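Spelled out from the first residue to the last, the chains are:
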Amino acid sequence: MFIASQRKTKTRVLLAKAAVKQYPLWFIVPGAIIYIVLFAYPTFSSFYYSLTRWTLFDVEFIGMDNYIRFFSEPSLSLSLTNTFIFAFVTSASKVIIGMALAIWLSGAIFAKSYLRAVIFFPALVSTIGVGITFKALMAPEKGLLNVTLSIFGVEGPYWLTEPSYALFSLAGIEIWKGVGIATVIYIAGIAAIPNEFREAALVDGASAWQVFRRITLPLLTPATSTVIILSLIGGLRTFDLIWATTGGGPGFATDVLASVIYKNYQAGFYGLSTAGNVVLFVMVAIIIYPLSAWLNRRIVEV
Amino acid sequence: MFRRNKLRTTGVAALAASALVLAGCAGTEASTEESSGQETAVEQVSISVLFGTDSILSVAEASVAAFESANPNIEVTLETRPGGVDGDNVIKTKLATGEMNDVFFYNSGSLMQALNPDDTLVDLSNEAWTSNIIESFWPAVSTPNGKYGAPMGTAMGGGILYNRIIYADLGLSIPLTWSEFMANNEKIKAAGIDPVIQTYGENWTAQLLVLADHHNVEQSDPQFVEEYTNNIAKISNTPSAFRGYEHLQELHDKDYFNSDYASAILNDGLTQLVNGEGAHYPMLTFAVSSILEIAPEKINDIGFFAQPGDDAATNGLTVWVPNAIYIPKTSEGAKLEAAKKFVDFIVSKEGVQIYIDTIGQTGPFLTVDAPSADELYQPYVDMFPYFDRAGDTTPALEFLSPVKGPNLSQITVSVGTGQYSAEEGAEAYDEDVKKQAEQLALPGW
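One line per chain: the protein sequences are A and B, in this order.
First residue of the first sequence: 1, per our numbering; consecutive thereafter.
First residue of the second sequence: 1001, per our numbering; consecutive thereafter.
Just chain A, with the same shape it has in the complex:
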C-alpha cells in the first residue's frame, strides 16, 4: 500500500498488465498440447507424407509424384467440378431458403415455435442416417418418392442413379438437412435488428419490400456471411452424405474431392490420399480466406 502510493505510475502499468494478463500462461498448456499433438503435428507431417509413397511398414520419398498422379486421375477433373457445383449450389440455396424461412418464422404466425423446431430437426439427425433414408426414398421403382409420383401419373426420375442429375439430388438432400442451421442463424440475426428501424421506415411510408431491401438485408450481412462461410466449407469438404447414398457413383458421376481421397486411402494408396488431403486443405483455404475477408468488410455496424 505504501509503495503503491509512492510510485503511482508504475502501479498503473502493473495494473494494466494485470488486466491484459488475467490468467497465468500455464492455463493454455492443456489446450496447446492437445492442439499441437492432434492438429498441428498431423497437419504439418501430412505435408511431408504427401511427398512420399508410404505403407504402414515403410516410407519412400518420391517428390511431387503423388501430386502429379493425383491431378492426372481420370475422375479428378470431374470430381473437382462436382465439388464446386455441390458447394455453391447448396451454399446459395441455404442462404436464400434459410433467409426466407427465417423472415417467415420471425413474423406473427400460428404455431411459431413448433414450426421453428420442425425446420431445425433435420440438422439433428446423423448424416449417414439421412443418406440411407433418402437412398430408400429415392429408389427408382420402389422408392416412396416415385411411387407417390406414379399415383399422379408422373414417371419419377431416377434420382440417384441417372448420372446427369444425381449430383443435384444429393444437393437437394444436403439443403433439406442443412437449411435448419442457416434458418436458426438468420432468426438470431433478425432478432438482433432493433425494431425502431423498421417502425421508423414504416412511419416514413416505406413498403414491405423497401424495409427488407434497405433495412433487413443489409443488417443481416453478419448472418449471411456466417451462413455462406459455414455452408461453403461444409460443401467443399462434403463426404459422408455422398458416401452413404451413391458412394460417388454411378461410376464416378457423383465423386467429389473428399470421396476420391477416401477411395485412394481405402485402396492403400496412403501417400496419394495424403496428397489429396493437402490439395483439399489448400483449396478450401484459398477460397475461404479471401471470401471471409471480403464478407467481413461488408458488415454494417448497427
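Watch out, some of these pointers could steer you wrong.
Stretches of chain B that chain A covers, calculated by requiring three or more beta carbons in the stretch to come under 8 Å of a beta carbon on chain A [unchecked claim]: (1) 1255-1266; (2) 1430-1444.
Computed from the model, here is a short list of chain B residues facing chain A with C-beta under 8 Å [as the list claims (entries may be wrong)]: (3) V1085; (4) N1089; (5) K1092; (6) N1203; (7) P1406; (8) T1417; (9) Q1419.
Quick caveat, the hints were computed from the structure, so don't treat them as lab data.
Just so it is clear, the structure is predicted and the values come from calculations on it, not from any experiment.
A virtual CB, placed ideally from N, CA and C, is assigned to each residue, including glycine.
Position chain B relative to chain A; hints supplied.
Chain B alone, transformed into the frame defined by chain A:
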C-alpha cells in the same frame, strides 16, 4: 520458495489435465493383451482367430467348436471383421501394429500379395499337410520365399447363372461363343424377358463380365499375364483382354439390361433370375448360397455356364481360388504351435467335412483327400464338368498377377451405364493398375 512450488504444481496439473484428455484416445489398448498372461500355468493355450462375417462364419463357428473338443488344452476365441475394403484395412492395420490374431482368414491372390507376406506372415512350407494340397492352389498364396496360406472353402466359378425354365420354354441351347450368347439374348428380348441382369447398386457385381472373361484371354494370348505384370502389355492395346469391356458396352448399347439395373443389388438380381424376369446373370457361383435363402425350392431351375468367348473349341471356365487362412509372424511359442494345429485341422478331411455339413459343397475343394457331398445343386452340377476336363479352367487374373487396380468396379459401372465407352474404360483401368503397381513397388513400373 512458495512461488516455485506453485509453478511446479500448476505445471503438473496442466500436464495431468492434458494427459487425461489424450488418454481418452488410447483407451482401448490396455485390453488386447490380457489373455497372454495365463497360458504357462496350466499348459492351457488360448489363441484367437479372425474371420469375415459372410457365410464362412458359420463354418468357422462349427470348426472352432470341433477343434476345441478335439484339443481340450487349446481355447479358441473367434473374432470377426467387416468384409470388402474396410476389412482390408482392418487386416493391414492389425498386421502393421502387431496386433493380428493368431490365425486369420483372408483372400488369396493379389490382395494377399499386398500384405507384404515375406515380412508379416509365417512360412508354412514345412508343414506336413502341404503334401495334401492340390498344386494349383500354391501360386495364389506364395512368394518366391515361402508358402503362406492354407485353403479354406472351395474354388468358385465366374460365369453366367441362367434360368433353365426360360431356356427350355424358348428352346435355347447353352452358348459356347459370344455370338451364340447374343443370339440367345435377342430371342429372350423378343419374348419380353430381360436378357441380362445387372445390379450396380452393389458395384462389385459389375466386374464379372470383365473378370470372368480371363479364360478366353488366356486361350488367345497365353503370354498376356506375364507381359501385363511386367508392364509390357496393356488391356487397352490387347484385343483379347479388351473384349470383356466391349461385351459390357454391347449389352448396354442393345438395352439388354433389367430396367432397374442402376440401383438393384445382388439379391434383387437373384430374385429376378429365379422368378424368370431376367434370363442371365453374370455372377460368381458363391451367389448360389444366397438363392438358397431367397427361393430354395427354385434352386434347381437355375443353371450355370462359363462366359463364352470367340471360339467354341476353347470354351472354358474362369476360376476363383478359395480364400485362405494365414498365421502372422507376431504369433509365437505355444500360441504358434496351437495356431498351426488349428490350420492343420481346417485342411484335414474332418475340417472339410465340417464345411460340407454346414453350408454344403460349393465347388471343388483343394485338398487331395477331401470328401464330397452326396447331393449337389444344379448350378454346381453344371460347373463341375469344367474342372474334370484338363485345360478347361483358368484362374482369374487376380490369382496370376499382383497387378489389380482398386477402381475396376466403378469403371465397369461407367461402361455398363454408358458413361464411358469400352476404350475409355480400359484406358482408365490401365491407369488405375499403375497406381497399385507403384504402391507395391513392382519391378518394371
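Structure-based check of each hint:
{"no.": "1", "hint": "1255-1266", "verdict": "holds (count 4)"}
{"no.": "2", "hint": "1430-1444", "verdict": "holds (count 6)"}
{"no.": "3", "hint": "V1085", "verdict": "holds, 4 Å"}
{"no.": "4", "hint": "N1089", "verdict": "holds, 7 Å"}
{"no.": "5", "hint": "K1092", "verdict": "holds, 6 Å"}
{"no.": "6", "hint": "N1203", "verdict": "holds, 6 Å"}
{"no.": "7", "hint": "P1406", "verdict": "holds, 3 Å"}
{"no.": "8", "hint": "T1417", "verdict": "holds, 5 Å"}
{"no.": "9", "hint": "Q1419", "verdict": "holds, 5 Å"}
Hint compliance for this structure: no hint is broken.
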